[in-house]
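As a plain string of letters, each chain reads:
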Amino acid sequence: MSDIAISDIEAIRSRFQADIDTASDLSSLDAIRVSALGKKGEISMMMRGLGKMSPEEKTVMGPALNGLKNDVAALVDIRKTALENEALDAALASEMMDMSLPVSRKNGTLHPVQQVMEEMAVIFSDMGFSVAEGPDIEDDFHNFTALNFPPGHPARDMHDTFFMVPDSDGQQKVLRTHTSPVQIRTMMSQKPPIRIIAPGRTYRCDSDQTHTPMFHQVEGLVIGEDIHMGHLKGCLMDFVSAFFETDVDVRFRPHHFPFTEPSAEMDVRYERDGASIKIGQGNDWMEILGCGMVHPNVLTACGINPDVYQGFAFGMGVDRLAMLKYGMPDLRDMFAGDPRWLGHYGFSPLVQASLESGLS
Amino acid sequence: MKFTLSWLKEHLDTDASLSEIVDAMTMAGLEVEEVIDPAAALSAFTVGHVLAAEKHPDADKLKVCRVATKDGEQQIVCGAPNAREGLYVAFAPLGTYIPGADFSLDKKPRKIRGIESFGMMCSADELDLGEDSDGIIELPKAEVGAPIADVLGLNDPVIDFEVTPNRPDWLGVRGIARDLAAAGIGTLKPDTIEPVQATIDNAQSVLIEAPDACPAFVGRVVRGLKNGPSPKWLQDKLKAIGLRPISALVDITNFMTIDRARPLHVYDLAKVEGSIIVRMGEDETFEALDDKTYTATADDVVIADERGILGLGGIVGGESSGVSDETADILIECAVFDPLTIRRSAKRLGVNSDAKYRFERGIDTGFMRDGMEMATRLVLDLCGGDASTVDVAGAIPAEPEPVTFDPARVEQLLGFTPGDDEILRILDTLGFKKTGSDVPWPFAVPTWRRDVTMQADLVEEVARIAGFDQLPATSLPAMPGRREPTATLTQTRTRLARRALALRGLSETVSWSFVLDTHADAFGGGDAALYLDNPISSDLNVMRPSALIHLLLSGQKATDRGYPGAALFELGPVYRGTEPGDQSLTLAGIRRVEPGRDWAGADAITALSAKADALAALDAMGANTDNLQLSKPTGDYWHPGRSGRLQMGPKNILADFGELHPRVLKALGIDGRVVAFEVWPESLPAPRNKAKGKKSASKSKGALALSDLMPVHRDFAFIVPDTLAAGDLVRAAKGADKALISDVSLFDIYTGKGIEDGHKSLAIDVTLSPRDETLTDSQIETISAKIVKAAEKLGAQLRG
Chain A
1 MSDIAISDIE AIRSRFQADI DTASDLSSLD AIRVSALGKK GEISMMMRGL GKMSPEEKTV
61 MGPALNGLKN DVAALVDIRK TALENEALDA ALASEMMDMS LPVSRKNGTL HPVQQVMEEM
121 AVIFSDMGFS VAEGPDIEDD FHNFTALNFP PGHPARDMHD TFFMVPDSDG QQKVLRTHTS
181 PVQIRTMMSQ KPPIRIIAPG RTYRCDSDQT HTPMFHQVEG LVIGEDIHMG HLKGCLMDFV
241 SAFFETDVDV RFRPHHFPFT EPSAEMDVRY ERDGASIKIG QGNDWMEILG CGMVHPNVLT
301 ACGINPDVYQ GFAFGMGVDR LAMLKYGMPD LRDMFAGDPR WLGHYGFSPL VQASLESGLS
Chain B
1 MKFTLSWLKE HLDTDASLSE IVDAMTMAGL EVEEVIDPAA ALSAFTVGHV LAAEKHPDAD
61 KLKVCRVATK DGEQQIVCGA PNAREGLYVA FAPLGTYIPG ADFSLDKKPR KIRGIESFGM
121 MCSADELDLG EDSDGIIELP KAEVGAPIAD VLGLNDPVID FEVTPNRPDW LGVRGIARDL
181 AAAGIGTLKP DTIEPVQATI DNAQSVLIEA PDACPAFVGR VVRGLKNGPS PKWLQDKLKA
241 IGLRPISALV DITNFMTIDR ARPLHVYDLA KVEGSIIVRM GEDETFEALD DKTYTATADD
301 VVIADERGIL GLGGIVGGES SGVSDETADI LIECAVFDPL TIRRSAKRLG VNSDAKYRFE
361 RGIDTGFMRD GMEMATRLVL DLCGGDASTV DVAGAIPAEP EPVTFDPARV EQLLGFTPGD
421 DEILRILDTL GFKKTGSDVP WPFAVPTWRR DVTMQADLVE EVARIAGFDQ LPATSLPAMP
481 GRREPTATLT QTRTRLARRA LALRGLSETV SWSFVLDTHA DAFGGGDAAL YLDNPISSDL
541 NVMRPSALIH LLLSGQKATD RGYPGAALFE LGPVYRGTEP GDQSLTLAGI RRVEPGRDWA
601 GADAITALSA KADALAALDA MGANTDNLQL SKPTGDYWHP GRSGRLQMGP KNILADFGEL
661 HPRVLKALGI DGRVVAFEVW PESLPAPRNK AKGKKSASKS KGALALSDLM PVHRDFAFIV
721 PDTLAAGDLV RAAKGADKAL ISDVSLFDIY TGKGIEDGHK SLAIDVTLSP RDETLTDSQI
781 ETISAKIVKA AEKLGAQLRG
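Those protein sequences? They're chains A and B, same order as listed.
Numbering-wise (the UniProt record's numbering), the first sequence opens with residue 1 and increments by one.
Numbering-wise (the UniProt record's numbering), the second sequence opens with residue 1 and increments by one.
Here chain A stands alone, though its shape is the one from the complex:
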């Protein structure tokens, strides 16, 4: 059966191509595919005719028909992809959303005092300190007597102590005026070497722009056999530069605290620039913490032999250091719970102080 000439094949291809190109949707395209390549489709039927051909005809017509079949199938696929894309594009064109609409965002913050306490803990952790804690309501022994404040000594007046009402024996507990009682509790319960920081709430009966009746301290205590005052200087100089995240020039001035001897205050160099304060530059000095070598009487009161052990202690106001570092003008705002203040000075909950990525 040689009624199909090789020359017809090109005409068939052209006809199908024209049909495929003009198919307007997937179903009409499929009808064309069936009419060409389906079981009874035109091309399928022609291929069936191959069996009756002479070997010579087959050699010519076989590849030609196969080529036709593959070409038409490919044309159908291409057209099908094109039609599908058109249909998707048309569908998406109606799926518009207003991208300017606001979305819900949770914006809680963490308090700067807590942030700064974490920053301090990170720095002291790196120096091998661990954290100790104690109660806010203290007895006279832990807050004063064991710290070498003799009963009735004028140094007690400097603390503006809050007293609890007297108990049935007439004894009055106090709100701790510093976290030093934690040092006492630690020394009475641990053996040297000791290296602790004691963060927490402290209380003094005073209120103005730079004093609040409640504030926070981080105190440190280092006791060993050969800890000298040079270590005190080194430790605090290392701390203050790490904390302010800049090179800070410091000086140590003699001072008096009953529980240390020698006692010192550490000043940092600073400059006032309008309302803001720049630490580490300028010509003025600002006191930022008190420190000293632990008084032998304190060691003795805690059962530590001052002929064998010595060491240093320091204490700093967390809130005040937070103000200096982060520029809050008034200490009292720290504790007012004003959501606007918290939003402005608070820290993102994803901030985690670390030495590896920075403190804040």
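Note that these hints are calculated values from the structure, not bench results.
Mimicking DSSO-like on lysine-lysine, the simulated pairs with C-alpha atoms at most 30 Å apart in a straight line are: (1) B:Lys738 x B:Lys632; (2) A:Lys106 x B:Lys557; (3) B:Lys433 x B:Lys189; (4) B:Lys632 x B:Lys789; (5) A:Lys58 x A:Lys39; (6) B:Lys55 x B:Lys141; (7) A:Lys106 x B:Lys611; (8) A:Lys325 x B:Lys557; (9) B:Lys232 x B:Lys9.
If you only want the chain A side, here are some residues facing chain B, beta carbon under 7 Å, derived: (10) Lys106; (11) Met127; (12) Lys173; (13) Met229; (14) His231; (15) Met237; (16) Pro296; (17) Pro339.
Just so you know, these numbers come straight off a predicted model, no measurement behind them.
Note that beta-carbon positions come from the ideal geometry of N, C-alpha and C, so glycine has one too.
Given chain A's structure and the hints, the job is docking chain B onto it.
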């Protein structure tokens, strides 16, 4: 403590400048608070000379003056009645700031009634130099253009510094000079006190009946003197440091107080009857020299005569025996009082005085006789009279105990030594005399340094004077061995919980540990023992039982200011008693039920929002929140029907949450509704690997067994009474087959058409997770039957 530079130089031979002296004080521990240089405030004012003063043509009270000034001849219009030709005046050029009037002159000449005025002639008032504002200052003849500070003798800077309580010797100028000499800023001038020759007998007897409170009373009589205003040099000295001159005798005692930290008292003998008796009070009332009335009890040491109380010893004298211009015969008291007694009395009576301030810190017992001699000399010089012999009643306290000192301790404690020679120089200059050559060195402690009782005190003196800048800065050596975490378990946990809450939109605050008592009562606190004796204010008078109180108040304040919808939390202590174990840590938060408006519909804020907050915090802290039991909070500040408690076992309470009781909110003045939670981080048990100690501190998480089999879901709808907690149904379903049921979730709650009143329909999705083989239909049927049976025990019926 205030003193002037010139006063210091009476004791200290030095060429150092003011700033060098101030720096040296600061670096030796005398913390300078303020340096007042009166010349600085007056620097713009110079001497002018009025060449002519004529009446203003258009004003009766004004004069037009021609004045010679540093800027040449100027025309100045002046309203002072005393403006006249020949006067030397304080001239202020145009643009000068006038301190007493707090304004600045115009920079351009101003016309006064048509005549230009080129500056101002000032009154004392306008220069902040005191009264006398009837007219302009009349200066003594001086060179035109000279600074008026020089002409008025106001060029003596005043230094004010903080005296630490351990150093009463710094309460006298000579003590300051001694420390500055040790610090290398000059040389202490020798003390030249010559005893006064007695010309009469001391007939005034002094009896000490309270030797504990007053160990010694050195007394001397001076007769036939004339009291009156003290000379100008003494008045100027006192005025410069803010003391008011009164009379020669009083001024002498004030001078001794400031110069030598040696308080004295002077009695008018005409007003004293019989012996002076030092005894404890007998509930006597007297009028003191500070114009107040005090009652002395048996706790107070008093000076009395045979009629009664004359004054409070060491604190304040009485009006009845005070000196006046008529005084002719006096008794000078130079005593020592027990610091504690003085302090207790002054505190109880609310008295402060320069004498009290020194006695409560301790005076130099080695200067009692010399102090008397020095004071007598001044009395004789200024007031005349005849001095008696000196009598000592009681016994002057013994010298302080000597201290031994091993110079090697300096380097051990400081990491530095200035060397033995410098150590000795420092201590010697401060008055510590070495009394032997063997190590440890013995040192005599001067009577003005009773704060020094041990070797460490001397090391401090060496460090202080040598300077802390000499010490090395040595970083701390690493601690040996493995490092435990710095933070406590609770700190680590709460850090995470705080972050979880902030991520849920709550902002962290820190608030007072004390609250108003009625607020504490509303939250189940207000125990009598938790009241403060001296609260900072009456609305912060008791320790708080809950952190919610201040959160609620802050939230209300924000709403009142126009910022509604506060969502706040705090991590902090609460108090049930005054013992250390009575304090616990709470993580508390509130959300005001004031949802914002949102195009997509704002999240509803309900008691369950607070539950979600509490669970988020507990989850962050590592609690196994799936296995917590739900019960009712016991505090009656919670809404009875909209609150819950999460606990582990019957006793361990982890959190309360829900809506706050409207009655409690009302008691605190809170408008609207508020949901809240209180989480107790310390109640959460330690994770097993921490609790058991280091040996089993494995961080390994255990093997994970994953099944290849598909989970099967089955839905059930049950009709249950309204009162049944959905959680109970879920829990019952979960417990029906613990091996196969991996999850039960509630996906619908329905009431209304088709459901009987008082009932609701709860729909749950049960997930079955086969482990070994695919479940057959009959296995699934069996489990379903178990679930239905478990639900039926709760009164549930499978919905048909």
